[in-house]
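Assemble chain X onto chain Y, guided by the hints.
Chains as they are written, first to last, in numbering that gives the first Met the number 0: chain Y, 0 to 141; chain X, 0 to 251.
A portion of the hints provided could be inaccurate.
Claimed, not checked - What the simulated footprint calls covered on chain X by chain Y, stretch by stretch (three residues with Cβ under 8 Å from a Cβ of chain Y suffice, anywhere in the stretch; the number is not a length):
1. 100 to 113
2. 116 to 129
3. 136 to 143
What the hints assert, rightly or not - Label-pair restraints from in silico Cβ distances:
4. X:G210 - Y:P94: 31 to 41 Å
5. Y:P110 - X:L52: 40 to 50 Å
6. Y:G112 - X:D223: 38 to 48 Å
7. X:R44 - Y:A104: 53 to 63 Å
8. X:Q159 - Y:P110: 42 to 52 Å
9. X:P241 - Y:P94: 28 to 38 Å
As the list claims (entries may be wrong) - Not the full set, but computed from the structure, chain Y residues with beta-carbon under 7 Å of chain X:
10. E115
11. A126
12. V127
13. F128
14. Q129
15. G130
16. N131
17. L133
Hints in this document: simulated from the structure, not taken from any laboratory.
We put the beta carbon where it would ideally sit given N, CA and C, even for glycine.
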Amino acid sequence: MKTKLKITIATIALVLILIADVPVLFEQLVPEAHAIFGVRRRAARRGVIVGYSMGEAAATSAAANQAAATSQHQEAAAQQQAAAPPPATAGKPLPLGTVVSALPAGCTSTPVGGVEYYYCGGNFYRAVFQGNQLVYVTAQPK
Amino acid sequence: MSNLNYRLSTVSFALGVLVLAATVSTDVQAQTPQVDPAATRTLKRMTDYLGGLQKFSVHTKNTLEDELESGHRIDLDVSASVLVSRPNELFAERKGDLIDQMFYYNGKTLTLYNPSDKVYATESAPGTIEETLDFARESLGLVVPVADLVYRNAFPLLMQDVNLAVVVGKAVIGGVKCDHLLFSRPGVDFQVWVADSGNPLPYKYVVTDTGTPARLSISTVMSDWNVTPAATDSRFTFVPPPGTKQISFLPL
Chain Y
0 MKTKLKITIA TIALVLILIA DVPVLFEQLV PEAHAIFGVR RRAARRGVIV GYSMGEAAAT
60 SAAANQAAAT SQHQEAAAQQ QAAAPPPATA GKPLPLGTVV SALPAGCTST PVGGVEYYYC
120 GGNFYRAVFQ GNQLVYVTAQ PK
Chain X
0 MSNLNYRLST VSFALGVLVL AATVSTDVQA QTPQVDPAAT RTLKRMTDYL GGLQKFSVHT
60 KNTLEDELES GHRIDLDVSA SVLVSRPNEL FAERKGDLID QMFYYNGKTL TLYNPSDKVY
120 ATESAPGTIE ETLDFARESL GLVVPVADLV YRNAFPLLMQ DVNLAVVVGK AVIGGVKCDH
180 LLFSRPGVDF QVWVADSGNP LPYKYVVTDT GTPARLSIST VMSDWNVTPA ATDSRFTFVP
240 PPGTKQISFL PL
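Just chain Y, same shape as in the assembly:
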């Protein structure tokens, strides 16, 4: 391994020496791949900020894996987008527009103006697609 690594480094160095004008290029990806890796990096950053423990991260992945949708890239997106756990059932209402990956237990559904709302824990939720992922967002029925 070490020898091969040395050879590789030496070879790359040689290539660099031989090619006088090595262009400094910015990362350009295929649009699709760009989207995916973009998501992944955002996910990684968010993970750092939120400070998942290993167990939580694994649980999130498992949840994402289970809940993933059509796309081959869905899971990565799911991890990033639906990382927020459902809030505790009791307590004060969440700000409008809060996205959760699943409804809390014990929600009752009510149609208002053709839209299905789920009420629980002092919040109204409605189902939406966030990318490929089915999530629930707090909303004011109207």
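For chain X alone, kept in the frame of chain Y given last:
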């Protein structure tokens, strides 16, 4: 690890050969020495062929490598089928997984449908597959299977900033003998396996993110190519079954 070893040695060997070629060749300045025209030619043959197809369907198995915060690497697997009828119809379905999901595009609207949750969302969409894929990704955060290969102008997109193109060798993917190609650009390596006889169809596609230490990959294995699929207009228009509820997309 041995696989990485093999890859490293393959790449370094390829680079070594190129260095040798560069040293020996007199007109090295005239062309980019690391781009093997044979590799580029095969890629172009594949993208031209795919881009020229009026209709096709394909089954894909996709593996996403991911890294947990703990540093452990895991694989996430999704499979999907795609049916394309150019210029403005596409149907994609995730099948045989825990949750099914379908994507419909009929030239006017796009619909995402989760049969098990009995919900769907519809948005008006641009007039071509390419524009719709861009719109879905950029405005809705929606990703459609094998979109990279559906783009008609895939070749320039793939070749942008490529500074290494190598024919790695032959390989058999799903019983089909293929040319194995490696391309590299800053931040990304990608490999494509293209059938070496008959229709130049891709059978495997791996994109590796070389811009981060984890060097994660997304790989797609393609099978059941059909270049003359039955694709009536009704396949691309979603008709909500009874009891299905319409929801909306959360804008990005």
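Do the hints match the structure? See the list:
1. 100 to 113: With 5 residues closer than 8 Å to chain Y, the stretch 100 to 113 of chain X meets the three-residue bar; holds.
2. 116 to 129: This one holds; 3 residues, not fewer than the three required, reach chain Y with a Cβ under 8 Å.
3. 136 to 143: holds (count 6)
4. X:G210 - Y:P94: 31 to 41 Å: holds, 35 Å
5. Y:P110 - X:L52: 40 to 50 Å: About 45 Å separates the Cβ atoms of P110 of chain Y and L52 of chain X, which means 40 to 50 Å holds.
6. Y:G112 - X:D223: 38 to 48 Å: holds, 44 Å
7. X:R44 - Y:A104: 53 to 63 Å: holds, 56 Å
8. X:Q159 - Y:P110: 42 to 52 Å: With Cβ atoms ~49 Å apart, the hint holds.
9. X:P241 - Y:P94: 28 to 38 Å: holds, 36 Å
10. E115: Interface hint status for E115 of chain Y: holds (6 Å vs cutoff 7 Å).
11. A126: Holds: closest Cβ of chain X sits about 5 Å from A126 of chain Y, inside 7 Å.
12. V127: holds, 5 Å
13. F128: holds, 5 Å
14. Q129: Hint on Q129 of chain Y: holds, closest Cβ of chain X at ~5 Å, below 7 Å.
15. G130: holds, 4 Å
16. N131: OK, holds: N131 of chain Y within 7 Å of chain X, min 6 Å.
17. L133: Holds, because the Cβ-Cβ distance from L133 of chain Y to chain X comes to roughly 6 Å (cut-off 7 Å).
Going down the numbered hints, you'll see the structure goes against none, and every one checks out.
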